[in-house]
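Based on these hints, arrange chain B on the given structure of chain A.
Line by line, the protein sequences are chains A and B.
So in my numbering, the last one in the first sequence is 329, and the numbering has no gaps at all.
So in my numbering, the last one in the second sequence is 339, and the numbering has no gaps at all.
It is possible that part of the hints are untrue.
[To be verified] Facing chain B, from chain A, some residues (calculated, C-beta under 10 Å): (1) V188; (2) A218; (3) N276.
These aren't lab readings, by the way, just hints derived from the structure by calculation.
All residues carry an ideal CB built from backbone N, CA and C; glycine is no exception.
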Amino acid sequence: MANVLDVENLDVTFALHQSEVKAVSNLNFSLAQGETLAVVGESGSGKSQAFLSIMGLLAKNGRASGRATMGDVNLIGLPPERLDRYRGKDIAMIFQDPMTSLNPSLRVRTQLAEVLVKHQGFDEDKATRSVIEMLERVGIPEPARRSAAYPHELSGGMRQRVMIAMALLCRPKILIADEPTTALDVTVQAQMLDLFRNLTNDFGTALVLITHDLGVVAGVADRMMVMYAGRSVEKGTVDELFYDPRHPYTLGLLTSTPHVEERSRRLNPITGSPPNVEHLPRGCSFHPRCAFRFERCFAEVPPLREVTPGRSKACHYEEKLVFEEKGAA
Amino acid sequence: MTTELLRIDNLSKSFALRAGGLFSRPLTLRALQDISFSVNRGETLGIVGESGCGKSTLGRCILQLLKPDEGRVVWMGTDLMKVPDEEMRKRRKDLQIIFQDPLASLNPRMTVGEIVADPLKTLMPELTAVQRKQRVMEIMEAVGLQPEMINRYPHEFSGGQAQRIGIARALITEPKLIVCDEPVSALDVSIQAQILNLLSELKDQFGLTLIFISHNLSVVRHVSDRILVLYLGRMVELASGDELYDDPKHPYTKGLLTAVPIPDPKRARQRRIDTLTGEIPSPINPPSGCTFRTRCRYATERCAEIRPPLETVSAGRLVACIRWQEIDNMPGMEPSPAA
Chain A
1 MANVLDVENL DVTFALHQSE VKAVSNLNFS LAQGETLAVV GESGSGKSQA
51 FLSIMGLLAK NGRASGRATM GDVNLIGLPP ERLDRYRGKD IAMIFQDPMT
101 SLNPSLRVRT QLAEVLVKHQ GFDEDKATRS VIEMLERVGI PEPARRSAAY
151 PHELSGGMRQ RVMIAMALLC RPKILIADEP TTALDVTVQA QMLDLFRNLT
201 NDFGTALVLI THDLGVVAGV ADRMMVMYAG RSVEKGTVDE LFYDPRHPYT
251 LGLLTSTPHV EERSRRLNPI TGSPPNVEHL PRGCSFHPRC AFRFERCFAE
301 VPPLREVTPG RSKACHYEEK LVFEEKGAA
Chain B
1 MTTELLRIDN LSKSFALRAG GLFSRPLTLR ALQDISFSVN RGETLGIVGE
51 SGCGKSTLGR CILQLLKPDE GRVVWMGTDL MKVPDEEMRK RRKDLQIIFQ
101 DPLASLNPRM TVGEIVADPL KTLMPELTAV QRKQRVMEIM EAVGLQPEMI
151 NRYPHEFSGG QAQRIGIARA LITEPKLIVC DEPVSALDVS IQAQILNLLS
201 ELKDQFGLTL IFISHNLSVV RHVSDRILVL YLGRMVELAS GDELYDDPKH
251 PYTKGLLTAV PIPDPKRARQ RRIDTLTGEI PSPINPPSGC TFRTRCRYAT
301 ERCAEIRPPL ETVSAGRLVA CIRWQEIDNM PGMEPSPAA
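Next comes chain A alone, as it looks inside the complex:
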């Protein structure tokens, strides 16, 4: 299937007082039409910054280089006025806390209709009708009445639905969702994940799901990319990475995650903490926490390379990862 986004050699750096810090290094991936790609990582992994840079939403001291090609346009480095032709129309992004992304002083329908007036040239009436229709499709009961509400009058789950509706109004090719369910209660999260599953089918939208929650990934995504300290360390289908992880960090995330179905299994955490991106270790950034490290890992950054078609990892260790139960009782 055709790719809707190709990212090549994406770097994101931030200027600090006297130095520079690299938040994303040499990121490469593509996104196919209608697929769901999960981007998984812990705090400081660069997962959000990578996509903010594609959207042209980096903080003032941030700078991106490389390519993010959508159709025949490279989004990286486009001036804001040119980016605005695509943002909200072909590529949209939603965030963890919908309250910070909605204008508190405008009725829901007013701010949503604006998108269609601006990008599609709809008149107000037609735009409002489309808005109400979309609110209904994302599962808002009594959409006509609710559309007259102000954001603070809606619950957290409803606000997140409003955000999704706003993002989908122009039928974007790409929807980027940054931790969209993290702030929601578990029963509402389940409703939202249902919505995401249907959305890619109904609209043919490709979904990027940025998350730290492997449970969310397993239920929704087709492929996944694991990030650590600004780099992509493993990529492949969800089944490949869950059942046959090739990077020690992916393995560590899996063995750190408690399952609701089993009690007795002892968790096998990764030792240590994620590194500060200002002071990355030499060689492979993960080596201080890695149980499989050897001399080479201290000196050389492992490149991301294909292990089987469509599947790649950035790790020097070539043997199969044999998972040792640490301190199993």
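Okay, now just chain B, sitting in the frame of chain A:
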């Protein structure tokens, strides 16, 4: 033989909220109503529920950080509600708490050594400075902090290390019970697992009893012997971890379990999607009768009329649903949480 360490009888707590207008009557938020359960020595009792269910308020009421309006909190035979403040302070040696946000709960102007030693000054004033330091070193080692960290300040630590400091501070008085209020929710996955393992090791090492409050059912399942489910300030179900997860009786528990994401793609795909509809109503104006009825597919008119009493399912197992037996016998309608 199990010994009861703590018993909560008919505990209720409400908060008065200022209403919009200057002269309007204050609104009442009933945070907890009629909560009764006991905690046995050496066990971990999990308390789960979604936002507004009252789980954190309950933890604070147990420790008398909030005064319940009604009911009793019986700690080793004494009703803590009747204990004068001065004496309660001494008893805090036995009852400690760990908070969600590790950095926010540590004084930024105190060194790690001072933070960890602080409870000793008020709670165990008989110790000499040398003895205090000795104890701080022992506890720091037990929670996995290096001795040289003793003179450093909280901002120099990562979230996981800060939570270890919080745990050390709770442990220093050798408490019998620790209330853990969302202790791993703010941490990264890999760190979460370290802290969960640490808590279970410390529990064995120090013979602790834990009350583990969380919205994360996978985490609660992992650590708890018994689990209490709350919804809008009321008890919904109380059962052993296995009973609750293998055979939930209350429709809310069933819904909650099917909503938990399973980190296993094949199982996640096979799973019957059986999502609870709607959202949690406001605790200021909860539904009449059973507060869950507005989201319950089994609700009847009677559910709006009577507040469901806690019924005994089997020894030690409680459920607050007037239809639980009927629902249990409905063939094929019971959503299995796992498959």
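key: Given hint A/A218 near chain B, where the shortest CB pair must fall under 10 Å   = OK, holds: A/A218 within 10 Å of chain B, min 4 Å.
message = Would the hint on A/V188 be counted as holding, given a Cβ-Cβ threshold of 10 Å to chain B?
response = Cβ of A/V188 sits 6 Å from chain B, so the hint holds.
query = Should the interface hint for A/N276 be scored as holding, given a Cβ-Cβ cut-off of 10 Å against chain B?
reply = holds, 9 Å
Hint check: no violations occur; every hint is consistent with the structure.
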